[in-house]
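S.K.: These protein sequence lines map, in sequence, to chains P and Z.
Numbering follows this note's numbering, in which position 148 of the first sequence is assigned residue number 148; successive positions increment by one, without gaps.
Numbering follows this note's numbering, in which position 229 of the second sequence is assigned residue number 229; successive positions increment by one, without gaps.
No lab work stands behind these hints, which were simulated from the structure alone.
Please note that a few of the clues may not be correct.
[What the hints assert, rightly or not] Covered stretches of chain P, as calculated for chain Z (at least 3 residues, CB under 8 Å):
(1) 153-164
(2) 194-202
(3) 308-317
[Stated by the list, open to error] Under the rule of at most 20 Å between Cα atoms (straight-line distance), these lysine to aspartate or glutamate pairs were calculated in the EDC-like manner:
(4) Lys309(P) to Asp63(Z)
(5) Lys143(P) to Glu171(P)
(6) Lys309(Z) to Asp63(P)
Predicted, not measured: the structure shown is a model, and the values here were computed from it.
The beta-carbon is built from N, C-alpha and C at its ideal position, and this holds for glycine as well.
Protein chains: 2
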Amino acid sequence: RCFHFCKLPGRVMGIRLLRFTSVVIIVLLLVAGALTALLPTIKDDKLPNSRREPKTQSQSALDSFTLIMQTYNRTDLLLKLLNHYQAIPHLHKIIVVWNNIGEKTPEEMWNSLGPHPVPVVFKVQTVNRMRNRLQNFPDLETKAVLMMDDDTLVSAHDLAFAFSIWQQFPEHIVGFVPRKHISTPSGVYSYGSFELQNPGFGNGDQYSMVLIGAAFFHRGYLEDFQQQPEAVYALIDETQNCDDIAMNFLVAKHTGKPSGVFVKPVDIRNLEKDTNSGYSGMWHRAEHLLQRSYCVNKLVSIYDGMPLKYSNIMISQFGFPNYANHKNKM
Amino acid sequence: RCFHFCKLPGRVMGIRLLRFTSVVIIVLLLVAGALTALLPTIKDDKLPNSRREPKTQSQSALDSFTLIMQTYNRTDLLLKLLNHYQAIPHLHKIIVVWNNIGEKTPEEMWNSLGPHPVPVVFKVQTVNRMRNRLQNFPDLETKAVLMMDDDTLVSAHDLAFAFSIWQQFPEHIVGFVPRKHISTPSGVYSYGSFELQNPGFGNGDQYSMVLIGAAFFHRGYLEDFQQQPEAVYALIDETQNCDDIAMNFLVAKHTGKPSGVFVKPVDIRNLEKDTNSGYSGMWHRAEHLLQRSYCVNKLVSIYDGMPLKYSNIMISQFGFPNYANHKNKM
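Pulled out of the complex, with its shape left as it was, chain P reads as follows (with noise of 0.2 Å):
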């Protein structure tokens, strides 16, 4: 019996109606309920009004890259990297190549601090070697590659810049880090960067090698580098050093031309010293210098020849960080 309520407007609709009324209602409201469990749940992280578009992997390959990035014992920057890298416009998808053999890749920290910009793939290698990072990896979809050292940073402005010289230049190595060989009278090469005398083609330096630890290059030149002579593989496995002198050895040989277009960094660090796992990279040891001048002459005899040109371009950004940085008294 209902009384008070029977009095009210149930009176008017009658009985039968208020209980037909009152079962859709709870069936609305259950069913609404169910759709609300099956949405998927939503992160703390979100901003209010942040769109959370994934990036898919529709960015054509010839305007994108894929970043190449060899790491040994300084799992500490790479990470730090990784959340810098991932970033980077243009950008298709990270290959970390992890030279730490036996030990677990980072992927499962990785997976859990999702979701990413872009996709990362870690290759374990099983021989920790220079020259893994200059495989032909299937992963590669793009035409160009960035190949960074693990304890190297630029910035994004400088990459995306330094991109798009490359797609007007895509047979080069572009790059931040010029250095250049010197010929002495007795025939024998040397190694070295500014500090050494100026090869003597007219005014100022040259350079005839952009080292590929920080660089642009086409994917092509991976796999032109699976062909090379039995011998510069053994070299680079000797001294665990010269990937990249070998590599511009290959670029110039292939060209006829300078090997490298050397763009002006405005902001690249190196973070060498912020690791924790006290681990120095390569070049600190005292044979390091000494070593690329011995692969330079080893080189040139397992190619016959001295392929390496010089250049003298200096290519900075137009107007960028500062817009009128072109200026002249005129």
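Given chain P, work out where chain Z should sit, using these hints.
M.R.: Then chain Z, alone, in the frame of chain P:
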């Protein structure tokens, strides 16, 4: 009779032999004197230890360039600049486009102050036209043209470097003065420099033109210029301006790429303030920049489209003037 003499060696030789010898000596002296008189006169300005090797016309057409300098009412500046430019490395010849109608060229003075490192040709014009300098001069023997305004001084170092850049980018206008056009929502274009807003393609500024008043370009473009629609000539003649904008349109249309490559000058000077003629360049006219915006829109209409493309490449010389000018904090 030769007493003392005859008693000495003469006696042994005999008088006949002595006479014969004397005659031979006298004849030789006469011949030597005659030959000396035939030698070319040596001028006083010759340094004792200098070799006088006049520069021949033998510089390869690919390894040298021709300077074309148009001049109006600034002969004092012209002569100053000629002393500078005549000594630039790789210069083949200078063509002075003489826009001082009815006035004698300084050719006599030039000759009286010879010898000069390169020949200069004075092309006397019949009408004072801005586009006189864009004729396809038969005097041109080199592939490369260096065009300079008659009030602009660019250092030999800058010119040597920019010429080497042109040799690597021969289809572009390689020069020292970048400018741009911008689109506006109304579809009307505007012309300017870095004080105008950036075109908005990524970071930094862009340029879409390199002015020909301080630039290298291929002589082929002078031939091409002769084949342009009449309306282009009419526009240049009407404004006495914009020949350089027209050239950039021509080059961009031809290559489908940015017309120019900007080389950042180390030392470029405008000598206008140094002139005694009191004549200020055209760019001082109040309507100068408005005219150039007008020209951009007119040319778009004549060519039925906007062929100019943007670039943000700024080229400098590696290790010059400062051998460490690319050094970074890595």
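S.K.: Taking the hints in turn, state whether each one holds.
M.R.: Structure-based check of each hint:
For the stretch 153-164 of chain P, the stated coverage by chain Z holds: 4 residues have a C-beta nearer than 8 Å to a C-beta of that chain, and at least 3 were required. With a cut-off of 8 Å between beta carbons, the stretch 194-202 of chain P has 3 residues touching chain Z; three or more are needed, and the interface restraint holds. By the rule of at least three residues with a Cβ nearer than 8 Å to a Cβ of chain Z, the coverage given for the stretch 308-317 of chain P holds, with 7 such residues. Restraint check for lysine 309(P) and aspartate 63(Z): the C-alpha separation of about 19 Å stays at or below 20 Å, so the hint holds.
At roughly 11 Å between alpha-carbon atoms, lysine 143(P) and glutamate 171(P) fall within 20 Å of each other, so this suggested pair holds. About 19 Å separates the Cα atoms of lysine 309(Z) and aspartate 63(P), which keeps this hinted pair within 20 Å; it holds.
Violation of the numbered hints given earlier is absent; every hint is satisfied by the structure.
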